[in-house]
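Novice: Each chain, written out:
2 protein chains.
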Amino acid sequence: MTRSSYSMLSVEEALEVTLAQTKPLAPEHRSLAMVRGAILAADIAAQEPLPPFPASTMDGYAVVAADGPGDYPLVGEVSAGALAEFSVEPGTVAYITTGAPLPAGADAVVMVEETERLEMGAGAPLVRIKERLQAGTNVRPIGIDVQAGQTVLAAGERLDAAEVGLLATAGFVDIPVFPRPKVAVLSTGDELVEPGEPLGPGQIRDSNRAMLVAAIYAAGGEPIDLGISGDTQEALEARVQDGLARADILLTSGGVSMGELDLVKPLLEHAGTVHFGRVRMKPGKPVTFATADVEGGRRLVFGLPGNPVSSLVTFYLFVVPALRKMAGWKEPGLRQVQARLAQPLPLDAYRPEYHRATLRWDDGQACFVASSTGIQASSRLLSMRTANALLALPQREGVLAAGECVEALLIGEI
Amino acid sequence: MTRSSYSMLSVEEALEVTLAQTKPLAPEHRSLAMVRGAILAADIAAQEPLPPFPASTMDGYAVVAADGPGDYPLVGEVSAGALAEFSVEPGTVAYITTGAPLPAGADAVVMVEETERLEMGAGAPLVRIKERLQAGTNVRPIGIDVQAGQTVLAAGERLDAAEVGLLATAGFVDIPVFPRPKVAVLSTGDELVEPGEPLGPGQIRDSNRAMLVAAIYAAGGEPIDLGISGDTQEALEARVQDGLARADILLTSGGVSMGELDLVKPLLEHAGTVHFGRVRMKPGKPVTFATADVEGGRRLVFGLPGNPVSSLVTFYLFVVPALRKMAGWKEPGLRQVQARLAQPLPLDAYRPEYHRATLRWDDGQACFVASSTGIQASSRLLSMRTANALLALPQREGVLAAGECVEALLIGEI
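From first to last, the protein sequence lines are chains A and B. Residue numbering for the first sequence follows this note's numbering, beginning at 3 and increasing consecutively. Residue numbering for the second sequence follows this note's numbering, beginning at 3 and increasing consecutively.
By construction, these hints were calculated from the structure, which means they are not laboratory data. It is possible that some hints are incorrect.
Unchecked claim - Using 25 Å as the maximum straight-line C-alpha spacing, the simulated SDA-like pairs for lysine to any residue come out as follows:
| # | chain 1 | residue 1 | chain 2 | residue 2 |
| --- | --- | --- | --- | --- |
| 1 | B | Lys287 | A | Leu135 |
| 2 | B | Lys284 | A | Lys332 |
| 3 | B | Lys332 | A | Cys369 |
| 4 | B | Lys287 | A | Gly138 |
| 5 | B | Lys284 | A | Ile146 |
| 6 | A | Lys184 | B | Arg38 |
| 7 | B | Lys332 | A | Ser374 |
| 8 | A | Lys25 | B | Glu415 |
| 9 | A | Lys332 | A | Ser12 |
| 10 | B | Lys332 | A | Ser373 |
| 11 | B | Lys332 | A | Leu135 |
Work out the full structure: start from the sequences and follow the hints.
Specialist: Structure follows, in structure tokens:
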């Protein structure tokens, strides 16, 4: 297949093709400490009710509510973590702390502020109860928060802090989740040197690999750094095979535009199936997507453009949804909101543009306001600095005026 | 100081007191691979221009623009990563690939599609140039993306993927950043058992510690797990001193309400200075904040309530901003948006309520819609499940109608 034979897909078509080739990874079990951020692969039902016993919500006195106000002998104390070895008969009270199990016989708790301890010379001390209350007051009955057998978390839910707490509450410490996809990153180009090395004549530093590794972490993947490959067929092929063996997704950066030394597309045609090689978008037109079947299963391969902005924009638009689908997300697409333009933006007559912008919520206007990051050259990584959204600008001539509303795809925190 | 002597602060007052006691940590240097998510502690200026040489943006032929269309002898080839050892005199052309340095003498690049290679019998091959273009066409001049000495990142900026790419571009691999705050977590209560252990009589599982550890990670902190402490003064004091020695922030969970066995507040009064011990909010009223000066500096201590919802809500409202300020954030508060209620919500006449809700962007209404997570009991952790916002409901009688707009504090991804 020659380069010109790739038909030009729209972004929507390309994303559909990508996700159609992407399957969730096989679920695995992880310990409670390792599931943060993962997607649950099975429903979780509580084994016991919560609370598992009627529990006091106050420090005070366990009473028989029907007794009402009066002075009553103290028959014992019960604190959290132990059951009382006595019962509260009508006409008696017991001291109880927050979270402690209600002693047998008692049916309510009077908060300590509504009582008075009467010190007597001998015998059981008396407690003055000043309040009349109904049975059940200040008591959490068995199962009020969670019933035994109740589904506390459903397959497909993301495990953030509260969900981790619910797993702990339910006593689950070995949890079925979708694993984090392994994503290998390979930079290509004889001109590239590592960021820490001095620049020789004609050289530039490889910014894309460190950038993509950071983006993979942020997207919930586990990066594998394959280094820089020179522009020879042999060097490239060996690294690609290494990546396919070790990762679920392989990203190459550079080498996909139209030159004689752009070896990535022919290599992917040889190693697997290329599904698209051009997309109608700005930046990112040469982005390429292939699959390869290797021992261990089907791999996704994205040939990302070498320009750093094109590389990161196509990462967000295609790789992030694929990565999320592999990681078990039910709705893997980038979150979308609307935003008002802070300044007029020129449109492109030939391609939809993904304009980098910083969104801020404006309380007065009750909407997001999008500020452009400036000159949008695909080599100008400064146009991604502080950007948390890609504005999906329509393909047409002219200018969008300040104040107009556009769709914004979220790529960072707002 | 006895418990009743704590005056009741508003949430705003309590947050102000907290942040007034909080200072950014001392900056440290980290390698490029370790700075993701951190806040930069110094401006970063580019040492060289980008590109460092005039670079072709196309595969094609380097020409002298003034020559115009015609057939010209090919004097050489130059690809990315090396300087040409020849120059392009008027009336000659050289093959060039994307990203390669423009040879001396050339001032533009004709894209390969606008040329034709004429194969000749002997001598230098001829190249037909079909296009007339201006000097500078398809060439990125030196410094067009970044000028030497230009500030590419400023102190206080967060290092996400694009910013990591900019650091790599600028050749910075040893970067001054604010470190991740170390946050120690201690659960208190004789009734608590580890999530993996069977429940004995009167016992419940400790959900808060695993939950808070996950929340600390998500907030950019480095958690230290101090385990569960029983309800004795000695046990608690030893763990607290351990936490103060090892962490920047110490969180205790439980033991701050009003019972005889609630030892945390007296302990903090002994170990340091308690700044507040009650806040007018629902849930979370008993939340306590103290500072302690130990060898190694000033520590922040938060006594979080034992009810899981109260614990997590107060973590988001007070600990997250403090943690972010320590980590160098200039605007450490939770991000705030407005949202329309999906259903009517009852108000509390005595305390502002932080109602847990799931926000979703509604394209039709062009706003966020907030769905309540249901019954808001502070022991019901299910009310935090899938919640990504806390709705700040005003303290007053009555009900907010569906469709009304409220302030929402973001606690998760939208």
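Novice: Hints first: check each against the structure and report whether it holds.
Specialist: Consistency of the hints with the structure:
1. B:Lys287 / A:Leu135: holds (24 Å)
2. B:Lys284 / A:Lys332: Violated - the C-alpha atoms of Lys332 (chain A) and Lys284 (chain B) are around 33 Å apart, more than 25 Å.
3. B:Lys332 / A:Cys369: Holds, because 23 Å separates the two Cα atoms, which is no more than 25 Å.
4. B:Lys287 / A:Gly138: Roughly 23 Å between the alpha carbons, so the hint for Lys287 (chain B) and Gly138 (chain A) holds.
5. B:Lys284 / A:Ile146: holds (19 Å)
6. A:Lys184 / B:Arg38: holds (18 Å)
7. B:Lys332 / A:Ser374: holds (21 Å)
8. A:Lys25 / B:Glu415: holds (23 Å)
9. A:Lys332 / A:Ser12: Satisfied, since the Cα-Cα distance of roughly 23 Å is no more than 25 Å.
10. B:Lys332 / A:Ser373: Between Lys332 (chain B) and Ser373 (chain A) the Cα gap is close to 19 Å, so the pair holds against 25 Å.
11. B:Lys332 / A:Leu135: With a Cα-Cα distance of about 51 Å, the restraint between Lys332 (chain B) and Leu135 (chain A) is violated, given a limit of 25 Å.
The structure is inconsistent with the numbered hints 2 and 11, although it conforms to all the rest.
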